[in-house]
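S.K.: Sequence order for the protein chains is F and B.
The numbering of the first sequence is the UniProt record's numbering, which starts it at 1 and goes up by one.
The numbering of the second sequence is the UniProt record's numbering, which starts it at 1 and goes up by one.
Don't read these hints as lab results, they were simulated from the structure.
C-beta atoms are modelled at their ideal positions from N, C-alpha and C, and glycine is treated no differently.
The reader is advised that the hints may include incorrect statements.
[Unchecked claim] Simulated crosslink set (EDC-like; lysine to aspartate or glutamate; CA at most 20 Å straight-line): (1) B:161 - F:108; (2) F:161 - B:82; (3) F:161 - B:107.
[Said to hold, decoys possible] On the chain B side, residues computed to face chain F include the following (Cβ under 8 Å): (4) 83; (5) 122; (6) 155; (7) 157.
There are 2 protein chains.
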Amino acid sequence: MGSTNAAGWARYLINFSYIGSPFRGSQRQVTRRIANLDDPSTVQGRLEMGLKRLRPVNNPIVFMASRTDAGVHALNTTCHVDLQSCNNMIFEPQNITLCLNRYFTKEELPIRVLSTKLVLNDFHCKKSAISRTYLYRVILLKYDEDITTTLLRFLPIEEFKRCHFYGAKTIDIDLMRESAKLFEGVHDFRTFKSKSNDEPKSTVKEIERIDIIEKRMTDIGISADFSWPRNALQNVDSNTYTFLDIYFKGKGFLYKQVRRCGAAILAAGTGIVDLKDIRCMLQVPSVNSWNPRIRTLPPHGLYLCNIEY
Amino acid sequence: MGSTNAAGWARYLINFSYIGSPFRGSQRQVTRRIANLDDPSTVQGRLEMGLKRLRPVNNPIVFMASRTDAGVHALNTTCHVDLQSCNNMIFEPQNITLCLNRYFTKEELPIRVLSTKLVLNDFHCKKSAISRTYLYRVILLKYDEDITTTLLRFLPIEEFKRCHFYGAKTIDIDLMRESAKLFEGVHDFRTFKSKSNDEPKSTVKEIERIDIIEKRMTDIGISADFSWPRNALQNVDSNTYTFLDIYFKGKGFLYKQVRRCGAAILAAGTGIVDLKDIRCMLQVPSVNSWNPRIRTLPPHGLYLCNIEY
Numbered sequence: 001m002g003s004t005n006a007a008g009w010a011r012y013l014i015n016f017s018y019i020g021s022p023f024r025g026s027q028r029q030v031t032r033r034i035a036n037l038d039d040p041s042t043v044q045g046r047l048e049m050g051l052k053r054l055r056p057v058n059n060p061i062v063f064m065a066s067r068t069d070a071g072v073h074a075l076n077t078t079c080h081v082d083l084q085s086c087n088n089m090i091f092e093p094q095n096i097t098l099c100l101n102r103y104f105t106k107e108e109l110p111i112r113v114l115s116t117k118l119v120l121n122d123f124h125c126k127k128s129a130i131s132r133t134y135l136y137r138v139i140l141l142k143y144d145e146d147i148t149t150t151l152l153r154f155l156p157i158e159e160f161k162r163c164h165f166y167g168a169k170t171i172d173i174d175l176m177r178e179s180a181k182l183f184e185g186v187h188d189f190r191t192f193k194s195k196s197n198d199e200p201k202s203t204v205k206e207i208e209r210i211d212i213i214e215k216r217m218t219d220i221g222i223s224a225d226f227s228w229p230r231n232a233l234q235n236v237d238s239n240t241y242t243f244l245d246i247y248f249k250g251k252g253f254l255y256k257q258v259r260r261c262g263a264a265i266l267a268a269g270t271g272i273v274d275l276k277d278i279r280c281m282l283q284v285p286s287v288n289s290w291n292p293r294i295r296t297l298p299p300h301g302l303y304l305c306n307i308e309y
Numbered sequence: 001m002g003s004t005n006a007a008g009w010a011r012y013l014i015n016f017s018y019i020g021s022p023f024r025g026s027q028r029q030v031t032r033r034i035a036n037l038d039d040p041s042t043v044q045g046r047l048e049m050g051l052k053r054l055r056p057v058n059n060p061i062v063f064m065a066s067r068t069d070a071g072v073h074a075l076n077t078t079c080h081v082d083l084q085s086c087n088n089m090i091f092e093p094q095n096i097t098l099c100l101n102r103y104f105t106k107e108e109l110p111i112r113v114l115s116t117k118l119v120l121n122d123f124h125c126k127k128s129a130i131s132r133t134y135l136y137r138v139i140l141l142k143y144d145e146d147i148t149t150t151l152l153r154f155l156p157i158e159e160f161k162r163c164h165f166y167g168a169k170t171i172d173i174d175l176m177r178e179s180a181k182l183f184e185g186v187h188d189f190r191t192f193k194s195k196s197n198d199e200p201k202s203t204v205k206e207i208e209r210i211d212i213i214e215k216r217m218t219d220i221g222i223s224a225d226f227s228w229p230r231n232a233l234q235n236v237d238s239n240t241y242t243f244l245d246i247y248f249k250g251k252g253f254l255y256k257q258v259r260r261c262g263a264a265i266l267a268a269g270t271g272i273v274d275l276k277d278i279r280c281m282l283q284v285p286s287v288n289s290w291n292p293r294i295r296t297l298p299p300h301g302l303y304l305c306n307i308e309y
């Protein structure tokens, strides 16, 4: 199926964004053998349901460029799909964008199509990609006493499920940058991979670069003015919080690799582990090398930013 | 019930934030006559469920300072509650904050307590308030052609359910400010009130001031860098979008008054109505004076920012 040569058949590349919070994940979880069975709790399932509104002759099956877990967001990701129209004309790409966005708006779903393009029938959104950029967003909360104080501190509530709040006694951003450098380049990332159903052929991957950008409190959206209202402000020291954006760029990543590398970098910056511990985890690639003091970062701080072709 | 004189009884003022998206509203919707019946789909119901974890002798009934509709958020609002401990000691305010935040964190609910304070037993979070500040957040999308183009345009997805996207051909911020001036001061706001179950004694209210703050695209959180990834950027002109924060300050507001006044101000700025139309709506206070070309703004752009005492 899916030849652009046959009349009415064409392959489309769709760029889209989503907030992952209400979905079980990006990837369809109902087996494909049961044709036509909708999977409304996944991003892929919703794209397919939206495409059916165009009334194509075929049953649309969406190929996702990247799998994201439940709760992970995407600012610009891609998928491709083959569609056959009922006449000999192909679907207008702009109409596909319109039709999908109308469906997502009506259903109040946090998915939006950015653009739709016609592509050749040998284009594959996953295989043709040359690199991917991920962002992990953290709000670091400095505290002097025990961990419970983070529960007494004010959190910018509008970042709920969009950012990870992380409490620590000390934070050394330079040390985080130093530990990030250890991950750059080609490594066997077996230690940083979580178990998944389909095992990859190789756990050797290249991380092109990791950038850590520190933001001042006032740089963050409405947090600057209005998450810090008068009543709350009296007990809040603006130096208590550090907003960090950690960018990961590479051709491809293993299952949970970004969340586990990010966790190790944060742990280095907060003194839970040191650079030697991280070097060990990289030098002896094994599930047993994972340092148990490091906890994998939660999904809701992770954003797939872009897929480069 | 609720005397601070009896042993173990005390009244507490709780400052808290929430994201309204998953709730049916802030106010308990299950009748109070059925004691102990939980109402988990409202903010008030969740506060009461959380307070029960402290094992007070009485059944905690929370008084909310402000009612917000389903989907409306609060950055800093208040409630008060009377609690009786099982011994003669009163509950430590800090422990109430801790207990509630632990409960909200565990249940993954977008509610966070900012602080808890002991207050006198004649303090009433609603009656003692001297003013309230609301914020309405809009992202204005300028377009030249028909309305469908907004569905083809990129939207900063992380603002989904946190901001209102509004499409318009022309936007005149100065005209919006001029129309906002018409609302300031004491007026009969009957035209701007929506029907509700309990009718207020008077529809005469005072709006102290309305401020309209225009934000540049780069001032907005991660939108600046990452809602505008390379693939999307090629078709996006940064002048297409205007981020507007509209602040309303007043002693109290009628049901849906902020969303309807905001809608009128936006309609004036985008040429749907003119200043004369708004003057008419204020001068003849009646449900029949509402201009049908103006559509009440959706709840998810509205934030209760602060309650001043």
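S.K.: Now, for every hint given, state plainly whether the structure supports it.
M.R.: Right, here's what the structure says about each hint:
{"no.": "1", "hint": "B:161 - F:108", "in the structure": "9 Å, holds"}
{"no.": "2", "hint": "F:161 - B:82", "in the structure": "32 Å, violated"}
{"no.": "3", "hint": "F:161 - B:107", "in the structure": "13 Å, holds"}
{"no.": "4", "hint": "83", "in the structure": "18 Å, violated"}
{"no.": "5", "hint": "122", "in the structure": "20 Å, violated"}
{"no.": "6", "hint": "155", "in the structure": "5 Å, holds"}
{"no.": "7", "hint": "157", "in the structure": "4 Å, holds"}
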